[in-house]
Amino acid sequence: MKKFLLSLITLAVLVFVALLAFALWPTSTPALNANTDADQAALIEKGRYLADAGDCTACHTAPGGKPFAGGLPIASPIGTLYSSNITPDKASGIGSYSLDDFDRAVRHGISANGSSLYPAMPYPAYARTSDDDMRALYAYFMHGVAPVYAENRANDVPWPLSMRWPLAIWRKVFAPAPQAVGFDAGRYQDPQVARGAYLVQGLGHCGTCHTPRALTLQEKALDESGAEYLSGGPVIDGWLAVNLRGNPADGLGGWSVDDIVATLRSARSPSHAVLGGPMSDVVTHSTQHLNDADLQAVAVYLKSLPPSARQVSSFKADPTTAKALAAGQEGSRGAELYVDNCSACHRTNGQGYERVFPKIAGNSSVLSEDPVSLIRLVLAGSKLPATASAPSELGMPGFAWRMSDEEVAQLLTFIRSSWGNQAPAVKPEQVAQMRATLPKESPAVSRTDIAKP
Amino acid sequence: MANAKAKVDAVIVGMGWTGAILAKELTDAGLHVVVLERGADRDTQPDFAYPKVVDELEGSVHRRYLQSLAQETVTVRHNLTSTAVPYRQMGSFKPGTGVGGAGSHWSGCHFRALPEDFKLRSNVEQRYGASFIPSDMSIQDFPVSYEDLEPHFDHFEYVCGTSGKAGVISGVKQAGGNPFEGSRSREFPLGPNPNYLGAEMFYKGAREMGWDPYPIPASNASAPYVNPYSCQMGPCNACGFCSDYGCLNYSKASPNISILPVLRQRKNFELRTHAQVLKVNLDSDGKKATGVTYLDAQGREVEQQADLVLLCAFSLYNVHLMLLSGIGKPYDPQTGEGTIGRNYSYQNLNRVVLFFGKEVQANQFIGIGGAGTTMDNLNGNQLDNAKAGFVGGGIIWARQPGAGPVRGINVPPGTPNWGTAWKQAASDAFRHSFYFEVQGACMSYKQHYLSLDPTYKDGFGRPLLRMNFDWHDNEIKASQYLVGKALEMSKVLNPTAMAGDAKKSGEHYNITKYQSTHTCGGAIMGSDPKTSALNRYLQSWDVHNVFAIGANAFPQNNGYNPTGMVGALAYWSAKAIREQYLKNPGPLVQA
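Residue numbers (the numbering used here), protein chains in the order written: chain A, 1 to 453; chain B, 1001 to 1591.
Please keep in mind that the hints were generated in silico from the structure rather than gathered at the bench.
One should not assume that every hint holds.
[To be verified] Over 12 angstroms on every C-beta distance to chain A, these chain B residues come out as not near it, computed from the model:
#1 Asn1003
#2 Ala1049
#3 Lys1119
#4 Ser1145
#5 Gly1234
#6 Leu1282
#7 Thr1335
#8 Ala1425
#9 Ser1527
#10 Arg1578
[What the hints assert, rightly or not] Cβ-Cβ distance ranges computed for the label pairs, FRET-style:
#11 A:Ala146 / B:Ser1145: 49 to 57 angstroms
#12 A:Thr437 / B:Leu1057: 45 to 53 angstroms
#13 B:Arg1431 / A:Arg333: 52 to 60 angstroms
#14 A:Arg333 / B:Gly1408: 33 to 41 angstroms
#15 A:Asp292 / B:Gly1210: 54 to 62 angstroms
#16 A:Asp131 / B:Ala1006: 31 to 39 angstroms
#17 B:Lys1204 / A:Ser256: 44 to 52 angstroms
#18 B:Pro1416 / A:Arg333: 56 to 64 angstroms
#19 B:Val1406 / A:Gln311: 34 to 42 angstroms
#20 B:Phe1460 / A:Ser96: 34 to 42 angstroms
#21 B:Phe1460 / A:Asn291: 51 to 59 angstroms
Glycine residues also receive a C-beta, built at the ideal position from the N, C-alpha and C atoms.
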C-alpha cells in the first residue's frame, strides 16, 4: 500500500515536473527580416489600416484615454485583466521592442520577458497574420503612434491563478504556431474568399467572440475546417455573439453580401441589423475603416460558411399575424403588448421601415435560440453607434420601467412565433435574470445628465 | 474676473436651427467652433423617447421642452405710453431652449417666401402707389432676392426631408403644387404626407371657391429618408405630438436629428450646454467683438474669445444680446433713428372651427405637425390689396397637428363653459370637428419695436427685453377679410356649426393666448445702415465680426411660417462667411 502511494506521489511529481518543463521550455520563434527598403510612410499607413482591421484600439485604448496607452479593464473568468500600453514609449510602452519582440507578442502570445500572455490577447487568431503585415504593424506602432508614458496596471488575478507558467501550457497546446497555420491563400479557390478568410480568421479575430469555446476555453475551431467555427459564441455584456454561418433563420443565411457590408461599414443595414454594444464598438473602431474590397471579401467569405448543424429556429413568411393585428384581433397578452409598445415603429406587419426601424419578421437577431439580446433590448433599449457613413444614433427606448418580467416574456414569445417566426418561447425567469444585471434606475433623463461631471 | 477660455475661430450663441447650420458650415470650412447653449443637451434618446414624450400634461401644460420664463423673459406693452409688464406664463409665443431649440418642438411647416415677399415695399408702391402704405407702416424690401436664396431654400429642404409637391420647377408649372410659388430647381425630396379628412374637405371647398389648393410643405418625413449629411429620418406615424414636443420617431426634421449627428463626431466642434451668454464683448472702440461672456453650468462667469461671434439664439434674444452689448444704435420710435429693435413684427393667426355630425369622423388625435392643405390665392400678388383694403396677404390651411383632451377641445358656439352640456358637446365635438386656420402676414410699424425694459431685470441682473406691439388696423382688416373668406369656403362643406375668431376692430394683442411663435424683426437686414441692423449677409453694420442669424432679420413677416426662410438665410450667410469674410475679414457691404 505504502509502495503504491509512493509510486503515485512519484508519478504526480514526474507529471508536474514534465508539465513545468513543457511550460518553461522556451518557444523558439523564427526571426523576421526587417524590410528596410520599403517606403516607410506607406508602410506606416498600411500598418494603421491593419491596426484598424485588428481592432487593437478596442482593448488597448481606455475610454477617454490616450490612443493605445492601455489600462482598459477586461473581465475574465479568473479576475480583471488590464490591457497594456502599446504606444512606443520606451519606459512604459513597447518602444524598446524589436520587430521580433513585437511579433512574439502579437502572433505567438509571448511577452518580451518571456512569459505567456493571457489569451484575452487574441494571438491564436493573429497567428495567421502574414510576415509582411507584421512588419507594417510594427512600423505603425513604432512610428505612427504617439508615445504615452503610462505604466501598465497589474492584473487583479489572485494567486495561484496569477501564476503565468500554466498559461504557457495552454498556449503551447491550443494556440497554433504561425509557421504551422501561416495563411495559405491556395486553400481557397476564389482569391476574394481567400482575402476574406485571411481577415476574418486573422486580424479580424471574429471567432474570438463568435466561435463557441471548449471547457478549456480555446475556440472550438479557428477556421472553416471546424463545423462550429463562427456558429455563435457567448453572451458578452448581455449581448449574444450571434451565429455568423449560413443558417437561414438565426445565422447569415438570409443576409445578402450587401447587408453584411452595410452592417460592417455603417452599423446598420436596410432591414436586418440590430447591433449590441460590443459589436457597435467593433464597427466604430474597426470595420467602418476598412476599404470596400476588404469588406466585400469578409462578407463573401462569411457567406461561404454552410449552416451549422443545430437549427432550432425557422422562418417562413406567414401573413396571418399581420392580418389579425390589422383587423384588431390581438388574441394574446403578448400581441396586445406588441401593438401598444412596438407597432408604432415596427408596424403590425412586423416589417418596420427600411434603414430606420428593423423588421421583426425573419430577423435573425429575433430568431436566435438564446433570446438574451432581445430581452436586453426590450428592457434597457439600445442605440446604434454614429459611424462616418451613418451618423444617426438611432435608438430604441427601454421598457423595463413599464413591463414586468412576465409581460416581456409574453411579448417576446409573441414576436418569436408570429409573421412566420419560429423560435423558442421566452420564460419570465430569463427576463428576471437579465433585469438583475441592469442598473436599477431607468436610463438617464437627458443627454446632459449623462455628460454631467 | 471671468475665467478665460482659449480663443477659438468662432463662437455661436444658441444650438437651434441656425446655430446647427452655421456650426456645420464653419466646421466644414475647418474652423474650430464652440457653441454655447443656455439649455440642456437633448437627443431623441433619451429625451424624446417613446412613450414618455407623448405626455400632454408635461409637454403642453407644464411646457417641459420650452424655455423657462423664471430666469429670462420679455416685457410687453401695447403703446409707447404704458408700462410694460413681464410675460410670466407661456402664452402668445413659445421660445424653445436646449439643444435643438424651437427647432425641436416646432410643427414642421416648411415654406419658402414668395418672390414678391422679398420686395414688399416696392411691389406695393408699384401696384397701388406709395400712399396706399399707411404712414406709420415701416415695411422694407429684403436686400436679397428669391433667386439669391433659391439654392439655400432647396438645400435646407433636402436637409429636412421636406415632404411636399412642387408647383413650379424651372419655370414650368406642375400639377398638384402651388402654381404661384417661386420657381424651384427641383422637386421636394419626399412626396406629400397623406391627407386627413379635414384636408380632403379643404380640397373640395377650395376648388369650389376657384382656388388652387396644394399640400403644405412639411418637414415631417412621409417616408424613410437619408439627408445630404447621411442623417436618417423615419417616416412619420401621425402620432400628433409635434408642436410642444420633440419627435420620438426621427420623423420631424430638427437640428438634433438632421445636423447634430454629424457635428457630434467632429473634433473641431464643441458644444457647451447650460452656458448662458450674458453679452458680446467688444474691443475698446466698439468696432469689433472679442468674444462673449457666459455663465457656465456651475454659475461661473467665463469669457470665450473668438474671431467671429454668431448670434443664433431665438430671434428675440438675438436682439436682446445686441442691445445689451452695445452693438449698433438702439432704435428710438420718437426720432425714427437707430436700428436695433426696429421693425418688430409677428404673425396674424386666426382660426375657423367646423363642427359636423357623427357621420364625419375627423379623428383629431391623428396628427402630422406640418402636413395638410393650403392655398395661395389670397397671398402675394394673387390678392388685390386695394380691393381687400390692407397691405399683405395670407394663407388659409387645413392642418391637423394632433389634438388631445388635455390640450383642449373645441366646442360649438353657444356651448356652456362647464357642466353636463359642455361635457356632451366636448365628447361630440372631439371626433367630429376640425379647424382651418388663417395665417396672415404682419407688417412692421414705427411704433412696434424692441428695447431694453427700464423697470424689470432678468435672473442675471440684466434689463429684460421690452416688446412694444399691438394689432394695427391693417392686420385687423386682414384678419376679418381672410377669416371671412375661410368661413365662405367652409359653408360649402355644410358643417352643423362653425365659428371664426377674426380680430375685432380695436382689439388688442393678447399675450396670454397662444397664437404663433413667429416673432420676427428687431435686428433686420437691409441695404441702408440707417434703417437696418444687418447687411444682406446678416452681418452687423456696426461690428463686422458679429452676424445675427434668424427671423430677427425679417423687415416684416409674410403669410408663411418662417423656418424655411430662416434656414435659407442661415445657409446664405454661412456661404458669405466662408467665401468672402474668412478670406478678408471686414464689412462685406460698404456702408
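Right, here's what the structure says about each hint:
1. Every beta carbon of chain A lies more than 12 angstroms from that of Asn1003 (chain B), the smallest distance being close to 15 angstroms; the non-interface claim holds.
2. The non-interface label for Ala1049 (chain B) is inconsistent with chain A: the shortest C-beta to C-beta separation is roughly 4 angstroms, within 12 angstroms.
3. With a least CB separation of 39 angstroms from chain A, Lys1119 (chain B) remains clear of the 12 angstroms interface cut-off, as annotated.
4. Against the 12 angstroms criterion, Ser1145 (chain B) stays outside the reach of chain A, whose nearest CB is about 34 angstroms from its own CB.
5. At roughly 4 angstroms, the least C-beta separation between Gly1234 (chain B) and chain A is not larger than 12 angstroms, which violates its mark as non-interface.
6. At the 12 angstroms boundary, the C-beta of Leu1282 (chain B) stays outside the reach of chain A, the nearest C-beta of that chain being 31 angstroms off.
7. For Thr1335 (chain B), the condition that its CB be more than 12 angstroms from all CB atoms of chain A holds, with the nearest at approximately 45 angstroms.
8. Non-interface status of Ala1425 (chain B) relative to chain A is upheld: no Cβ of that chain comes within 12 angstroms, the nearest being about 29 angstroms off.
9. Annotated as non-interface, Ser1527 (chain B) keeps its C-beta farther than 12 angstroms from every C-beta of chain A; the closest such distance is 39 angstroms.
10. With 12 angstroms as the threshold on Cβ separation, the claim that Arg1578 (chain B) sits away from chain A holds: the shortest Cβ distance comes to roughly 21 angstroms.
11. In this structure the supplied range 49 to 57 angstroms holds for Ala146 (chain A) paired with Ser1145 (chain B), their Cβ-Cβ distance being about 52 angstroms.
12. The beta-carbon spacing between Thr437 (chain A) and Leu1057 (chain B), approximately 34 angstroms, falls outside the hinted interval of 45 to 53 angstroms.
13. In this structure the hint that Arg1431 (chain B) and Arg333 (chain A) lie 52 to 60 angstroms apart at CB is violated, the actual value being about 28 angstroms.
14. Under the hint 33 to 41 angstroms, the C-beta atoms of Arg333 (chain A) and Gly1408 (chain B), about 35 angstroms apart, fit the expected range.
15. For the hinted restraint 54 to 62 angstroms between Asp292 (chain A) and Gly1210 (chain B), the CB-CB distance of approximately 57 angstroms keeps it satisfied.
16. Checked against the hint of 31 to 39 angstroms, the pair Asp131 (chain A) and Ala1006 (chain B) fails, with Cβ atoms roughly 47 angstroms apart.
17. A hinted range of 44 to 52 angstroms for the beta carbons of Lys1204 (chain B) and Ser256 (chain A) is consistent with their spacing of about 47 angstroms.
18. Between Pro1416 (chain B) and Arg333 (chain A) the beta carbon distance is about 43 angstroms. The supplied range of 56 to 64 angstroms is therefore violated.
19. Evaluation of the 34 to 42 angstroms hint for Val1406 (chain B) and Gln311 (chain A) yields a failure: the beta carbon distance comes to about 51 angstroms.
20. Taking the beta carbon of each, Phe1460 (chain B) and Ser96 (chain A) are about 57 angstroms apart, not inside 34 to 42 angstroms as hinted.
21. The hint said 51 to 59 angstroms for the Cβ distance between Phe1460 (chain B) and Asn291 (chain A), and at roughly 53 angstroms that hint holds.
Checked against the numbered hints listed earlier, the structure breaks hints 2, 5, 12, 13, 16, 18, 19 and 20; every other hint is satisfied.
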